[in-house]
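Could you slot chain W onto chain Y? The hints should help.
2 protein chains.
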Amino acid sequence: MGRAERGWLRVVGLGPGPSEWLTDEARAALHGAEHVLGYTTYLARLPALEGKLLHGSDNGDELSRARHGLDLAAQGARVAIVSGGDTGVFGMAAAVFEALESGPAEQRSLDIRVLPGVTAMLAAAARLGAPLGNDFCAINLSDNLKPWAVVENRLTHAARAGFVIALYNPASRARPSQIHAAFAVLRALRPASTLVMFAKAVGRPDEELSVTSLGAADPAQADMRTLLLIGAESTRAIERPGGPPWVYTPRSISTP
Amino acid sequence: MGRAERGWLRVVGLGPGPSEWLTDEARAALHGAEHVLGYTTYLARLPALEGKLLHGSDNGDELSRARHGLDLAAQGARVAIVSGGDTGVFGMAAAVFEALESGPAEQRSLDIRVLPGVTAMLAAAARLGAPLGNDFCAINLSDNLKPWAVVENRLTHAARAGFVIALYNPASRARPSQIHAAFAVLRALRPASTLVMFAKAVGRPDEELSVTSLGAADPAQADMRTLLLIGAESTRAIERPGGPPWVYTPRSISTP
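Chains as they are written, first to last, in this note's numbering: chain Y, 1 to 256; chain W, 1 to 256.
Just chain Y, with the same shape it has in the complex:
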């Protein structure tokens, strides 16, 4: 087998926080890789990267990072491209296939595998109880890559469907106002008593969770490290001594 044939690319989800949320499969891929590519912030979190070539790049450089990884693998290198959370959910996996589709045809026979991970909404939900216990949706609130009208249409249908709604990337310094627009859509369609959960930096030392209501929530509380959950009408809180309430969405919906 020639050098080119032995190259591979693994697209790896690191989980949202601590290394205890990494799967064995993801750990083995990182261990076996010669090159590790990712957003600089994520690379800084990784354990045990001695002897590997690290290629950190900025948020927004996803497509060129993906091309770089494919090119290295095509040259025979063992390459891991990492994302926080699950790489298939608003992570690097889609960028890799975008780059593969528009790249040299011979790269389509590369040994590529995507390795799943724990995405932020699952970790946030686990901390809070079981808010995703019934049907739900996930919406990336950034309009860097899609028109705001698409986001607004999705929020409207999600509210009408009765989904629990997970909002990824609710705000950033460049996009401080969209979360306010999103709340305006949701407040017009769901009762003010609807439970709303802000989960900031889940699994990190500065993790912050708060449970409030759609009427009382301050959308400005959300930043780029926040995952927001908007409950369904059936989503409930259970008060408990010595801690924030548990939140869950019952599995059953009774006939009206």
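Any given hint could turn out to be false.
Pair ranges (Cβ atoms, derived) [what the hints assert, rightly or not]:
1) GLY56(Y) - ALA105(W): 29 to 37 Å
2) GLU50(Y) - ALA188(W): 25 to 33 Å
3) ASP58(W) - SER213(Y): 46 to 54 Å
4) PRO244(W) - SER177(Y): 39 to 47 Å
5) LEU209(Y) - GLY103(W): 18 to 26 Å
6) ARG187(Y) - LEU145(W): 26 to 34 Å
7) PRO241(W) - PRO245(Y): 20 to 28 Å
The hints are simulated quantities; they were obtained by calculation from the structure and are not laboratory data.
Predicted, not measured: the structure shown is a model, and the values here were computed from it.
Don't be surprised by glycine CBs; every beta carbon is placed ideally from N, CA and C.
For chain W alone, kept in the frame of chain Y given last:
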């Protein structure tokens, strides 16, 4: 600290398939538990359970399993309740909080933690490429716990929102016809060329993946071990030599 205070309950997601999709956190909780409760099929998959009391029960016994786990923890035992995949997504976590809410008030001060895992749609998506690369929703197709009209309304809004749609529990021997009804709803709202993916027993030795279209798909192909993904209009396939096509949903949606 008395015996009752040292008890705990961990609600643990095992991932959908092999133990390499288990997180370290989940493994440590299983290791530390004295009692492990779960659907008999999942218990049979667990590695290294010597010395533990296993309590297998049937599918459908979720609420009584949850009460049993809470009672054991209240008596001072270290208890793990397990689900395949992520326990917060159509798994045991919601049943545990249902049982907690309706159970003895003193159980609300128990040491309870939910541990996230890789849910089936993330694993299926990883095998296929990156079909969840844009906004998506997850719908449990079983109407055991909700009226079919709710499912139909959710499918309709999901299709109109342009979500990629993950269908959990699409069919069982007792519910062979709902998946046909679901396809009828989706076929009325999405083009026949929409990509459809059947992911059966993902991560298990008998895993089967197939990629077809909404027009050509045979809904009867789905069984209770199948996770179904219905693409958005933008979801695309990339042909490759020596394997099934990669499927991905681009991150961008251009202005119409």
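Cross-check of the supplied hints:
1. Range check, GLY56(Y) to ALA105(W): about 51 Å between beta-carbon atoms, so the 29 to 37 Å window is missed.
2. Here the CB-CB span from GLU50(Y) to ALA188(W) is close to 57 Å, at odds with the stated 25 to 33 Å.
3. Distance hint for ASP58(W) and SER213(Y): a CB-CB separation of about 38 Å, inconsistent with the stated range 46 to 54 Å.
4. Between PRO244(W) and SER177(Y) the beta carbons are some 43 Å apart, a value that agrees with the proposed interval 39 to 47 Å.
5. At roughly 24 Å, the beta carbons of LEU209(Y) and GLY103(W) sit within the given window of 18 to 26 Å.
6. For ARG187(Y) and LEU145(W), the hinted distance range of 26 to 34 Å is satisfied, since their beta carbons lie about 29 Å from each other.
7. In this structure, PRO241(W) and PRO245(Y) break the distance hint of 20 to 28 Å, their C-beta atoms being roughly 54 Å apart.
This entry does not satisfy hints 1, 2, 3, 7, going by the numbered hints stated previously.
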